[in-house]
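Novice: Residues per chain, in single letters:
There are 2 protein chains.
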Amino acid sequence: MARAFNFSAGPSALPEEVLKEAAAEMLDYKGCGMSVMEMSHRSSTFQSILDDAEQTLRRLMGIPDNYRVMFLQGGATLQFACVPMNLMRGRHAGYLVAGNWSKKAWQEACKYGQADVLATSEPTGFDRTPHLGGMPDQSLDYVYLCQNETVYGTMTRELPDTGDVPIVADVSSMFLSSPLPVERYGLIYAGVQKNAGPAGNTVVICRDDLIGDGPALGDIVPTYMGYKLQASKDSLYNTPNAWGIYMCGKVFHWIEETGGLAAMEERNWEKANRLYGYIDGSSLFSPIARPDSRSIANVTFRCPTPELDAEFVAGAAERNIVGVKGHRILGGMRASCYNAVPAKAVDALLDYMEDFERAHAADCRTDAQ
Amino acid sequence: MARAFNFSAGPSALPEEVLKEAAAEMLDYKGCGMSVMEMSHRSSTFQSILDDAEQTLRRLMGIPDNYRVMFLQGGATLQFACVPMNLMRGRHAGYLVAGNWSKKAWQEACKYGQADVLATSEPTGFDRTPHLGGMPDQSLDYVYLCQNETVYGTMTRELPDTGDVPIVADVSSMFLSSPLPVERYGLIYAGVQKNAGPAGNTVVICRDDLIGDGPALGDIVPTYMGYKLQASKDSLYNTPNAWGIYMCGKVFHWIEETGGLAAMEERNWEKANRLYGYIDGSSLFSPIARPDSRSIANVTFRCPTPELDAEFVAGAAERNIVGVKGHRILGGMRASCYNAVPAKAVDALLDYMEDFERAHAADCRTDAQ
Numbered sequence: 001m002a003r004a005f006n007f008s009a010g011p012s013a014l015p016e017e018v019l020k021e022a023a024a025e026m027l028d029y030k031g032c033g034m035s036v037m038e039m040s041h042r043s044s045t046f047q048s049i050l051d052d053a054e055q056t057l058r059r060l061m062g063i064p065d066n067y068r069v070m071f072l073q074g075g076a077t078l079q080f081a082c083v084p085m086n087l088m089r090g091r092h093a094g095y096l097v098a099g100n101w102s103k104k105a106w107q108e109a110c111k112y113g114q115a116d117v118l119a120t121s122e123p124t125g126f127d128r129t130p131h132l133g134g135m136p137d138q139s140l141d142y143v144y145l146c147q148n149e150t151v152y153g154t155m156t157r158e159l160p161d162t163g164d165v166p167i168v169a170d171v172s173s174m175f176l177s178s179p180l181p182v183e184r185y186g187l188i189y190a191g192v193q194k195n196a197g198p199a200g201n202t203v204v205i206c207r208d209d210l211i212g213d214g215p216a217l218g219d220i221v222p223t224y225m226g227y228k229l230q231a232s233k234d235s236l237y238n239t240p241n242a243w244g245i246y247m248c249g250k251v252f253h254w255i256e257e258t259g260g261l262a263a264m265e266e267r268n269w270e271k272a273n274r275l276y277g278y279i280d281g282s283s284l285f286s287p288i289a290r291p292d293s294r295s296i297a298n299v300t301f302r303c304p305t306p307e308l309d310a311e312f313v314a315g316a317a318e319r320n321i322v323g324v325k326g327h328r329i330l331g332g333m334r335a336s337c338y339n340a341v342p343a344k345a346v347d348a349l350l351d352y353m354e355d356f357e358r359a360h361a362a363d364c365r366t367d368a369q
Numbered sequence: 001m002a003r004a005f006n007f008s009a010g011p012s013a014l015p016e017e018v019l020k021e022a023a024a025e026m027l028d029y030k031g032c033g034m035s036v037m038e039m040s041h042r043s044s045t046f047q048s049i050l051d052d053a054e055q056t057l058r059r060l061m062g063i064p065d066n067y068r069v070m071f072l073q074g075g076a077t078l079q080f081a082c083v084p085m086n087l088m089r090g091r092h093a094g095y096l097v098a099g100n101w102s103k104k105a106w107q108e109a110c111k112y113g114q115a116d117v118l119a120t121s122e123p124t125g126f127d128r129t130p131h132l133g134g135m136p137d138q139s140l141d142y143v144y145l146c147q148n149e150t151v152y153g154t155m156t157r158e159l160p161d162t163g164d165v166p167i168v169a170d171v172s173s174m175f176l177s178s179p180l181p182v183e184r185y186g187l188i189y190a191g192v193q194k195n196a197g198p199a200g201n202t203v204v205i206c207r208d209d210l211i212g213d214g215p216a217l218g219d220i221v222p223t224y225m226g227y228k229l230q231a232s233k234d235s236l237y238n239t240p241n242a243w244g245i246y247m248c249g250k251v252f253h254w255i256e257e258t259g260g261l262a263a264m265e266e267r268n269w270e271k272a273n274r275l276y277g278y279i280d281g282s283s284l285f286s287p288i289a290r291p292d293s294r295s296i297a298n299v300t301f302r303c304p305t306p307e308l309d310a311e312f313v314a315g316a317a318e319r320n321i322v323g324v325k326g327h328r329i330l331g332g333m334r335a336s337c338y339n340a341v342p343a344k345a346v347d348a349l350l351d352y353m354e355d356f357e358r359a360h361a362a363d364c365r366t367d368a369q
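Each protein sequence line maps, in turn, to chains A and B. Position 201, counted from 1, in the first sequence is what full-length UniProt numbering calls 201; the numbers after and before it change by one each time, with no gaps. Position 86, counted from 1, in the second sequence is what full-length UniProt numbering calls 86; the numbers after and before it change by one each time, with no gaps.
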């Protein structure tokens, strides 16, 4: 069967070249006589895979030397706890709640200290990104945001001015979609299963001084979750998800070889804007995210009725278009246009949307007729 | 290059058939047009992969219905904390310390409650497995052991009689090496990177009643680490290491198709005993683990001097024999003979050991000459 047009929100499409390389190296990685899945994580061969992955990521993102890079397991969900456990030294942080994921992160932080909601867009159904009213309390340990909310398809384009308070950002679904000013963050983390590799690794990029001498909460912090230890052991305190790191390294190289993050950003906006443009002009489909808050990656929209949404999703499968069903808590549709989603997949989706709209002219909004 | 004779302690050898299947399915899993790494963990295709992996494991091990099976991230190291955080309801547990891993688990448990060392073999350099003197305090929340200590190459063959106190066992390096009486344990966990798949998943098998209504330590437990939540969501509370689960499922089927756990046990003892037999009769190599405590998987031994150990390890590489260097905290050599290590690999290692011993006759123990 042909490769699917894969718009999954994550795990999501990976570059075909990368998958082919991985398949070719499956039984014998570069003449060592074994798969990367079979080799000791203490071997020089794996060490070079890990070092290369980190160095390539540092080049791609321009990560300053005073930031540590870690590959950890447990997903963003474990980071929801790792962040306050490691950084909440004054037991007081601020959270910007822009959707499902930042709300979960805030709820987790409330278990470990005072976590204030500095702003939230929940009253408007998370259709936009919330903004700080002014300069936050400078005694806060950090200001947290989920910079791209995958469920609602919103993205914070301008980082808030937090003065001297470090910004901690979950960038999972925009990680490597575009350049980021790393030096403006205290900590950046991302589940890699959107743009960087298979699920099972979370990249944590943290400024040295925030890691300090150990976790803010001290001894109750599970050893695995201590940034100080993990950073000092360069992600090898215990056995890492080695295959995942290997795949991430390949994807990092693929991004570098296909133009780097600036080129990714240009291509991704082009894909997303073609969809937003069509949806905005459509009489059948309505956008979910407000124009000023729209995501570079996750394009969310819906039909006039849930029944039509279901019909659209079912019909998509017949055209080999997958992953366009919206998140269960929001419904509707979501087309995630990550780096490895080719323009021709967007062509296919747009063709289908046009045909679907034509076939359902009767359901279209009269105000647009 | 030919496939290496891989004796790595973990990550370790995987069945060649499984790797070939995975390579063949890399760009298109069963006609769905994508890799398992690219598909949503909420898709029916991945759900069937997860369900099949769990059901195959249940058949293989004969896991009773009142035990839950979870695929979690973070390795055994995260379980060192998950176990007391979830099960230490009376804040009092007992630990059998048989080596490096059980000692780390005990140290972690001390952060969360009273963890008594019921017995330890540390005074004799962990050359044997410790034994309970008598029936433990029946008010203990659990008795913990690491049933196979990978570093020293020791294994507890007979489970201790703990009365009504649940036994919690880290069986990582003996997982699926032989049948286990699951019903005699309260909780079994295993990092899968020895016999079951690539690093990045830990299988946790826990009796329903121990999971209870939530973690013993309540709110301070990171959400990701709660067994109740993870079990109720069948390993899909958040995005799992999907590729790792897929690979484990393939390995579970391979074990079933090649005879099941009883056949694995027979073959594994045959491989290990050929090595133990040679080492016991050798004038150059000395065993590290006492005969009554030897592991089915990790055969540990050493030469008269560290220099000879280093020479042996270096020479092995020239014969395509890898992973025989002992753990850094113990030195010497270690040959891990997991399920996927073929008998011919043991042949190659024995040939090399004989040649090495002949070539170093001058270094042999005089008492044996």
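Treat the hints with care, as some may be off.
Every beta carbon over 12 Å from chain A, so not counted as near; a handful from chain B, in silico [to be verified]:
| id | residue |
| --- | --- |
| 1 | E25 |
| 2 | G62 |
| 3 | A81 |
| 4 | A119 |
| 5 | G191 |
| 6 | G197 |
| 7 | E307 |
Simulated pairs of lysine to any residue, SDA-like, Cα-Cα distance not exceeding 20 Å [unchecked claim]:
| id | chain 1 | residue 1 | chain 2 | residue 2 |
| --- | --- | --- | --- | --- |
| 8 | B | K104 | A | L229 |
| 9 | A | K103 | B | L229 |
| 10 | A | K20 | A | K30 |
| 11 | A | K344 | A | L236 |
| 12 | A | K233 | A | Y29 |
| 13 | A | K30 | B | K103 |
| 14 | B | K30 | A | L229 |
| 15 | B | K233 | A | I329 |
| 16 | B | K111 | B | E265 |
| 17 | A | K104 | A | T124 |
| 18 | B | K111 | B | D28 |
| 19 | A | K104 | B | N320 |
| 20 | A | K233 | A | P64 |
| 21 | B | K344 | B | C364 |
| 22 | B | K104 | A | K111 |
| 23 | B | K30 | A | A317 |
| 24 | A | K111 | B | A216 |
| 25 | B | K344 | B | T258 |
| 26 | B | K103 | B | L132 |
| 27 | A | K104 | B | T223 |
| 28 | A | K104 | A | A119 |
| 29 | B | K20 | A | Y29 |
| 30 | A | K20 | B | K20 |
| 31 | A | K20 | B | K30 |
| 32 | A | K20 | B | D28 |
| 33 | B | K30 | B | A2 |
| 34 | A | K20 | B | Y352 |
| 35 | B | K111 | A | I329 |
| 36 | B | K344 | B | E265 |
| 37 | B | K20 | B | S44 |
| 38 | A | K103 | B | K20 |
| 39 | B | K104 | B | G134 |
Worth flagging that the hints you see were computed from the coordinates, not collected in a lab. Ideal placement from N, C-alpha and C gives every residue a C-beta, glycine not left out.
Novice: Which of the numbered hints are not met once you compare them with the structure shown?
Specialist: Violated hints: 1, 3, 5, 6, 11, 12, 13, 14, 16, 18, 19, 21, 22, 33, 34, 35, 37, 38 and 39; rest satisfied.
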